[in-house]
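Number of protein chains: 2
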Amino acid sequence: MDNKHLQDVLAFSAQKGFVWGPSPEIYGGMAGFYTYGPLGKLLKNNIEQAIRTTFMQNMFMEVECPTIMPEQVWKASGHLGNFSDPVVTCSKCHATFRADHVLLAEEEAAEPSDEELLKRIPESKCPSCGGEFENNITRHDLMMKTNIGLDQTGYLRPETATTTYLPFLRYTEFFRTKLPFGVFQIGKAYRNEISPRQYLLRVREFTQAEAQWFVDPDKKNDEFYSSFDDEKLPFWSWNMQKLHKEPEIMTVKEAFDKKLFNSKVYGWTLALAYNVFLNMGVPAEKMRLRQHGPDEKAFYAADAWDVEVQLNSFGWYEMCGIHDRTDYDLTQHAKFSKKELYINIDGKKIVPHVLEIAFGVDRPTFILLDLFYDKKHVTEGKSVFRVPASMSPYQVGIFPLQKKDGLPELARKVMDDLHKEFRVFYDESGSIGKRYLRAAEDGTPYCITVDYDSKDKDTCTIRDRDTEEQKIVKITDLNKILADLISYKVVFKDLK
Amino acid sequence: MDNKHLQDVLAFSAQKGFVWGPSPEIYGGMAGFYTYGPLGKLLKNNIEQAIRTTFMQNMFMEVECPTIMPEQVWKASGHLGNFSDPVVTCSKCHATFRADHVLLAEEEAAEPSDEELLKRIPESKCPSCGGEFENNITRHDLMMKTNIGLDQTGYLRPETATTTYLPFLRYTEFFRTKLPFGVFQIGKAYRNEISPRQYLLRVREFTQAEAQWFVDPDKKNDEFYSSFDDEKLPFWSWNMQKLHKEPEIMTVKEAFDKKLFNSKVYGWTLALAYNVFLNMGVPAEKMRLRQHGPDEKAFYAADAWDVEVQLNSFGWYEMCGIHDRTDYDLTQHAKFSKKELYINIDGKKIVPHVLEIAFGVDRPTFILLDLFYDKKHVTEGKSVFRVPASMSPYQVGIFPLQKKDGLPELARKVMDDLHKEFRVFYDESGSIGKRYLRAAEDGTPYCITVDYDSKDKDTCTIRDRDTEEQKIVKITDLNKILADLISYKVVFKDLK
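Residue numbers (the working numbering), protein chains in the order written: chain A, -4 to 491; chain B, -4 to 491.
Hints in this document: simulated from the structure, not taken from any laboratory.
Small disclaimer: the values here were computed from a predicted structure and weren't measured.
Don't be surprised by glycine CBs; every beta carbon is placed ideally from N, CA and C.
Hints may contain errors.
What the hints assert, rightly or not - Ranges between beta-carbon positions, derived for each pair: (1) D453/A <-> T48/B: 25 to 33 Å; (2) S424/B <-> E226/A: 28 to 36 Å; (3) V485/B <-> E291/A: 40 to 48 Å.
To be verified - Lysine-lysine pairs mimicking BS3-like chemistry, simulated, CA-CA at most 27 Å apart: (4) K398/B <-> K215/A; (5) K343/A <-> K415/A; (6) K214/B <-> K330/B; (7) K140/A <-> K183/B; (8) K469/A <-> K484/A; (9) K408/A <-> K173/B; (10) K450/A <-> K488/A; (11) K343/A <-> K214/B; (12) K70/B <-> K183/A.
To be verified - The following residues of chain B were derived to be distant from chain A, with all beta-carbon distances above 12 Å: (13) I21; (14) A26; (15) T30; (16) C124; (17) I143; (18) D224; (19) H239; (20) N270; (21) P278; (22) A279; (23) L336; (24) L405; (25) D446; (26) D448; (27) K491.
Turn these sequences into a full structure, and let the hints guide you.
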């Protein structure tokens, strides 16, 4: 773990208005609650838009379900009573801690059993007072409870997926009684972690994105699932991990032929998840697909892989889970709601299998800050946020060289011509040099300066954030130039 | 109230996949919780995008704050203990009801005092059993409580504005210690209504949009606030209401000169709110700006007006509040947090005044369904959702005439060329006539049919939802034609 880089990212993020917290700061803050400032919200909106576009291009439709559900729903889903963290208590100062955090080292098992934790109690001391822990592991419920109406109990959802399953019968009608179909949700979820940590990576209130693909169990190897067949992905199967091998880059088709997973639809879902992260601006070389071992896998999951991303501050980190949940959820909710949850196709009653892609949106926001914040020391020049142009809060900054002689008016006119197609801002305060540096810190890839030549010759200066090169171009060509640069059709140095 | 129209809208909305509920339906549903289906979510996203664009064009920046805040915050804001509904209890069956709903007629005072309600108890009977009410008004807290960590109490926010104020010191830094500046939030809020009703108009979980403009109290009449001066708006001042006059249409400048409101910034904010609703697709002739009477106004508000919209089902309905909140909130939070909340400009400590625009996003979604659902009886042809093209879930439907001879491939190619600029869907199932009707019900304003001429002559048929007219146009011209139609530069009948 690179603690120095993490501290730099946190300071940068707070100072520039990406993320503030823990919130509410003026009241001392509550651990695990954060606020997106203006630049952070633009960044997060771009990430959400990339998720939305990628899922919709692959035939998923978005829905929005309530964030609060009654008790019965969470009994059916298995969350109520089972979704908890282990706790130890200090016998001296009576402080309580999340057991795995104080008893285990960071790299140890992700989900230890209570028995394993108990064994470690004698070796550890209370981090507050140095006292010994009571020889007991208790359980802390992660569900956040609330009151509905005069006498009902509800729980804030700990994930979105359960709420997505519930309108299943409505979906079958909407999708005209056909399979397969897909739905996704981007929305808030809540987990009452005892000790939230790692900044945006483990919080109590977060935004989740989860996509569910409903498929006929007999058609999991349909030709439809060939669209990513030729894409090369970094697969790290359980077998490779056991043999201490590195991930292997191969096509989705090769991976299927080698039986790394046992259905075409699973490979398709895996590739789709990878593409979502790619479209959010995460570099391919920072990603790998890691298969869960038999011990990690949830009991209902026929197969489970994660998208992992290599962070500068925390190393390889789980970012997204891809699960074949089979008919588990629909069967559970059918049992608890006493409704028949199937689809009737050509007289055949089918309970679809569900392939799931589940991840948080706050983590990708952190990924971009972590990977692309290029901190410079005073002697090396200014720091730059080198986020890809497709994701940057603003794509173009427009500056008049001087605050007089009609330059501001002309610059605003240039802005009006660009703002429908790009995320643009206008800045006239401070020297041009200062404005360039400020924009580079905000992550703005291109800046346009309108000067005296702009009035007579219809030209302006365009500056590239990453190379710091500048070129003089025609104002009338700006739309095309920027579109080409932002879509990587042209690189700056080749610009004429 | 037009109950028939309401029932038609509800049935349409559920059947076509706009809004489902109360959710979770298979578990019997909780009053006041709804699910947006695929078409409803597209519609709601378009509404949120219109809000975002309008605020950002007027110099507001978006932020995202937590939906849960500790007790202290809600004490400071005045919500805790004061944000409650009056309740009556039946002395016979012990059922409880929201007092104003069962004791008063719909058109009576919006916020009656407990004394007024008490007086009406003898005249009313329990709606369940016909029994008499106990002679007592109790109070039901609208705040939804939850647990944070091991021992903290939090509340789900009943509105977003309070959470927006809290990072005030961060804003002053972000906006480089200058006034004015604006921030807005679009996000969830929660109110534990005793009896949620009127479909999406009064729910327990809702999306709110609130914008806050921070202004130097000495500069509320700055020239900056002239941008809407020449816009004509339907003003209905308290004075006009008292004199039983109709709203008057006049420019914002005339209204200011006539002292309908006492600062230029207030008129600017009012006009901005009106423009948000206009940009969400609400027709000008269905709106009016109504000033609050002295009794309705919150004690801290220097002035308060509402945007009201004339619904087909409920008549004139409050949709948005515009308030001059002065320095009330910053002063309260300074007191409770013991932090100094001011901005230091040129050595002067300024506690800004805050102008607020507050509304729900679910209500505009309902407005569009209510105003634009054109229900037809079987003999009159099919029903049409005549939502403006800027807001419609999809803007363009693409159909191959036949499912063979390369027409599907060609149609998909047409779609690929359009989907970057427009919200497009593809449909090849059923007769062309059926596909047109289905698209009209979904609200899709334009449909393109690719036929055998498309292969040789590069032409296709474009059909207008509202006039049902069809024209033959060049495929290569489609981008421009659609852009012109959707931005109302060209009307369909003038299309060549």
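So, going through the hints one by one against the coordinates:
A hinted range of 25 to 33 Å holds for the C-beta pair D453/A and T48/B, which are about 29 Å apart. For the pair S424/B and E226/A, the supplied restraint of 28 to 36 Å holds, since their beta-carbon distance comes to about 29 Å. The hinted range of 40 to 48 Å is not satisfied by V485/B and E291/A, whose Cβ atoms lie roughly 59 Å apart. Distance restraint check for K398/B and K215/A: the Cα-Cα separation of roughly 25 Å lies within the 27 Å cut-off, and the hinted pair is therefore satisfied.
The straight-line distance between the Cα atoms of K343/A and K415/A is roughly 50 Å, outside the 27 Å bound, and the hint therefore fails. Restraint check for K214/B and K330/B: satisfied, since their Cα atoms lie roughly 25 Å apart, inside the 27 Å limit. A distance of roughly 17 Å separates the Cα atoms of K140/A and K183/B; the hinted pair therefore holds under the 27 Å criterion. Proximity of K469/A to K484/A is assessed by CA-CA distance (about 19 Å); at most 27 Å being required, the pair is judged to hold.
Between K408/A and K173/B the CA atoms are separated by roughly 24 Å; this keeps the pair inside 27 Å, and the hint holds. Under the criterion of a C-alpha separation no larger than 27 Å, the hint pairing K450/A with K488/A is consistent with the structure, at around 26 Å. For a cut-off of 27 Å, the pair hint linking K343/A to K214/B is broken: about 71 Å separates their Cα positions. A threshold of 27 Å between alpha carbons decides the hint, and for K70/B with K183/A the separation of about 25 Å falls inside it, so the pair holds.
Distance check on I21/B: its Cβ comes as close as 4 Å (rounded) to a Cβ of chain A, failing to clear the 12 Å threshold; non-interface status is violated. Residue-level check failed: A26/B sits 7 Å from the nearest beta carbon of chain A, not beyond 12 Å. A cut-off of 12 Å between C-beta atoms contradicts the statement that T30/B is not in contact with chain A; the least separation is 5 Å. Its beta-carbon lying about 17 Å from the closest one in chain A, C124/B satisfies the requirement of being farther than 12 Å from that chain.
Separation of I143/B from chain A is inadequate, the least Cβ-Cβ distance of about 6 Å not exceeding the 12 Å criterion. With a closest Cβ-Cβ approach of about 19 Å to chain A, D224/B is found to remain outside the 12 Å limit, as its non-interface label requires. The non-interface label for H239/B is consistent with chain A: the shortest C-beta to C-beta separation is roughly 40 Å, beyond 12 Å. Every CB of chain A lies more than 12 Å from the CB of N270/B, the least distance being 17 Å, so the non-interface label holds.
Distance check on P278/B: its Cβ is at least 24 Å (rounded) from any Cβ of chain A, clearing the 12 Å threshold; non-interface status holds. For A279/B, the non-interface assignment is confirmed: its Cβ lies about 23 Å from the closest Cβ of chain A, beyond the 12 Å cut-off. Remark: the non-interface label on L336/B conflicts with the geometry, its nearest Cβ contact in chain A lying 7 Å away (cut-off 12 Å). Distance check on L405/B: its Cβ is at least 19 Å (rounded) from any Cβ of chain A, clearing the 12 Å threshold; non-interface status holds.
The beta carbon of D446/B is kept farther than 12 Å from every beta carbon of chain A, the shortest such distance being approximately 24 Å. With a least beta-carbon separation of about 29 Å from chain A, D448/B lies farther than 12 Å from that chain, consistent with its non-interface assignment. Every CB of chain A lies more than 12 Å from the CB of K491/B, the least distance being 25 Å, so the non-interface label holds.
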